[in-house]
Amino acid sequence: MTSKSSSDKPVGVIGAGNFGSAIANIIAVNRPVLLYARDEKTVERILGKGMNRGQKMLKNVVPTNDLAELAAKCEVIFPIVPSTTFRSMMKDLSPHLHPYHILIHGTKGFDIKLPKGTTLENVKQLNRSQVKTMSEVIREESVVVRVGCLAGPNLSKELAQRQPGATVVASPFQEVIQTGKRLLKNDRFQVFENRDLVGVEIAGVLKNIIAIASGGLSGLGFGENAKGLLVSRGAVEMVYLGRALGGDTRAFLGVAGIGDLVTTCNSPMSRNFTVGYRLAKGESLDEILADMDEVAEGVNTIRIAKKCADYYKVRALITDTLYKVLFEGMTVEDALNYLMRYPLNVDIDFI
Amino acid sequence: MTEIEEKKNKNKGYKPILEGIPDWPVYQLSKNRKDFIEEVTHKSVERIRKLRPTRKQLLDELEATVYREQNRLKRNRWRVDPADEVRFFSNLKKELLEVSTRTAEESHGKEDELLFRLVHRYASEIAGNFKPSKYKVARAVTQFWFARLLNGARVKKFGGFFRSQYRLRDKIHIVGKVKMLRSLTRLGTVVMVPTHFSNLDSILIGWVIHALGLPAFIYGAGLNLFNIKIFAYFMNSLGAYKVDRRKKNLPYLETLKMYSTLALQKGAHSLFFPGGTRSRSGMIEKQLKLGLLSTAVEAQRNLYLEENHETNGSPGKKIFLVPVTLNYHFVLEAPDLIEDYLQVKGQDRYFPEQDNYGSFQLIRFMFKFFTKGSNISVSIGPGLDVMGNYVDEQGNSLDHQGRIINCKDYFRTNGQITEDPQRENEYTRMLSQRIVKEYHSINRVFASHLVAFVAFQMWQKKYSKLDLFSFLRLPEDELVIDYEQFKATFKKVRKEIYRLKDEGKINHASHLKGNADIVIKRGLENVGILHILRPLARNKNGNIITHELPLLYYYHNRLVGYDLEKLI
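Sequences listed follow chains Y and U, in order.
Following the working numbering, the numbering of the first sequence begins with 1 at its first residue and continues without gaps.
Following the working numbering, the numbering of the second sequence begins with 1001 at its first residue and continues without gaps.
The set of hints was computed from the structure by calculation and includes no laboratory data.
There's no promise every hint is true.
[What the hints assert, rightly or not] The calculated SDA-like cross-link candidates involving lysine to any residue, where the alpha carbons are at most 25 angstroms apart (straight line), are: (1) Lys-181/Y with Arg-1412/U; (2) Lys-1462/U with Val-236/Y; (3) Lys-116/Y with Arg-1047/U; (4) Lys-1317/U with His-98/Y; (5) Lys-1408/U with Asn-127/Y; (6) Lys-1034/U with Tyr-1014/U; (7) Lys-1437/U with Gln-125/Y; (8) Lys-91/Y with Lys-1437/U; (9) Lys-313/Y with Leu-1564/U; (10) Lys-73/Y with Gln-1416/U; (11) Lys-1501/U with Glu-140/Y; (12) Lys-91/Y with Asp-1409/U; (13) Lys-1495/U with Ser-129/Y; (14) Lys-1437/U with Ile-112/Y; (15) Lys-313/Y with Leu-1466/U; (16) Lys-1437/U with Asp-111/Y; (17) Lys-181/Y with Asn-1091/U; (18) Lys-1286/U with Val-131/Y; (19) Lys-1461/U with Asn-127/Y; (20) Lys-1505/U with Gln-130/Y; (21) Lys-1094/U with Leu-1114/U; (22) Lys-1437/U with Arg-195/Y; (23) Lys-113/Y with Ile-1203/U.
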């Protein structure tokens, strides 16, 4: 059904961070791209030097500072902005959106709505009416229903170098998945399909918890046995938490689950990994956060996941223990001892 | 949300929207009944051929259908089943055997003819038969007798039987978005989707439609109801078409859906019970049947497609969904329903459709219903488009911020209206979730629901070690709640209901407010009022007891799904 004219229509990307720029370049191989940057200087820089975040931007990528223009020109839009600003971005974008738009986001994180007078630190429990995935934010804030997400082991740096990689496009709509595939796929980038949108989103968020633990193990100087143990038990914990939050088991076993988990647990460059590593070296969380320019998503994710696990009465050992390490002064050493002595014997009991 | 108070509403009558019956879409449909059945048949055959494209697949499907139908005839025959059914299917089987032994060339498309014959039979069975004369009679009879019963029972003077001091309107409160419903029936095609608790719902809704001055709606009524003669008469005359839940074969289901789709496209206001069957547990439906609901989405897309093709530029008709909840103190079939539910939940087994109530029981129930002071309320929800967006009184779809959106855009890809069954399945699922949400927010809590909920939860909490089944088997005389404790919890939960109401998540009857003792008393008096064993009562010391725990469970279930359990 695609007519000639529609295939020349530009595709929108919102957010010119590392991942947004990488995705814009991938799409630009197939189609013209309008890339929205909040900061006018970024627009000027891309126009002038053709560079952004250390990546050379393809000619097909046209930067813009105007959301209304982007929504008017593009039927398919990829919002890729941090989870903390996602909702406010959607509020700005929403008046320009129509039900024919397709939105495929690439943001890993939760949106939190807290009761008045509470903060994420002091709220006792959280449930799903307060914790939202990005696709749910899109549905809440706009009329767009054809929503999808990108998830998987997508380290921006490797993508920019055109190293082999893969992503999952998840959406309940076949139409959205096919659109995403058509736009993203190339000989170095494989695209998988998944119908469980919420499951894939949750997997992408929860893996950050395990990444912190992985950094912790490295910081204590342990090797591959320990990491194997962590990744496999971490995956089980993700399944349990994920199911309580409304995902399907299968999403956690695929590219966006295990795939992303293994990648993140082995990438010392990642912020989450660094938090765990430095904790194990004896620094306190405050010290670590003080000299990081961006908050590691995983720190908040642990708060959220712990409070959700309490609400839904899910046993989440690793998350609980990390919570104690981060916020209740337990040492990484003690945490490890506690976990190793915990009487567990069934390997897999969720299939 | 503006709401019409029951008091204001009490004696207000509504003028009919379309004066003459010949103007009603349902009349137009039945006048051309024969042509309509032909159209349904042809389009269904076309659809089935698309789903089963090869000759082999079609033959397999037909064989499976005949096999199932013969099985049904052996095991589960009903009074309404036509006498020639056995012959029809054994002939079909014979011919099918012949065809399947031949090659494609030899059979000359005979298998298509067999499919056509089968579908035509189904379409004729499904098709309703609305007759204005019968409709008028049925309407007059119901009104007359309802009025006699009411007055005979209530007016304590000689000759009360012939007075018309009380009318059905006093007994049944209609609240909610009445004005909007009336205006939507003029602007487009309305699909009313009520909750389903009792067999009485069909009659009740029929009355509501008439009382609101709306033209007749077509119903998808369970074929089993046509076993009961008194129902059969009313439903035939009120424009019901028949849905047979025993038939699960593909040709039947596709024919049924096609019937509904085409009727909607022709503008016949329709009524689905999207729960599919009466709620066995007493809970508000959480899972809706998507089959019939999908016909609303499909019909809307077809209307938009037609509009595209038409050159005269007349805007395509819009389809509106209106959720409705029916709120009772008492459900006649509750003891059987909850037993079914527990059996199925306890062990995943099939139970046959049964109806233990014949015409006599129903009349007796009616009489009791009118003589005892048990009211029913019907909440009319706001109109939705097929995507579940609210609409305004001009029928425009609105987004969360109240901006007008073009519903057609949901069906567009690259600027064109497209047919995408997978997308529409997903839309149907989303629509069903919206309807469920709407049910919960227009649900009107009665005092009787709340006392049942509070008492059951308090007991269950006390025996939290037991699973549901062991708990329900506890001897009833062990269960007593101190009245003061009960009252305190009752008030706490009631307060939460007020709060939820402010958030638009629930609604409650005005009688729920005020002095807690009085409200509890009213609740206890009314909960399951006509059952022999009352689900709740007070003993000599004034404390709360039960005579039938499973029944209490049933009435308690009405308030499940609001997360109120955490307050107990």
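So, against the hints stated earlier in the document, which numbers end up violated here? Going through the list in order, the structure violates hints 2, 3, 5, 6, 17 and 23 and respects the others.
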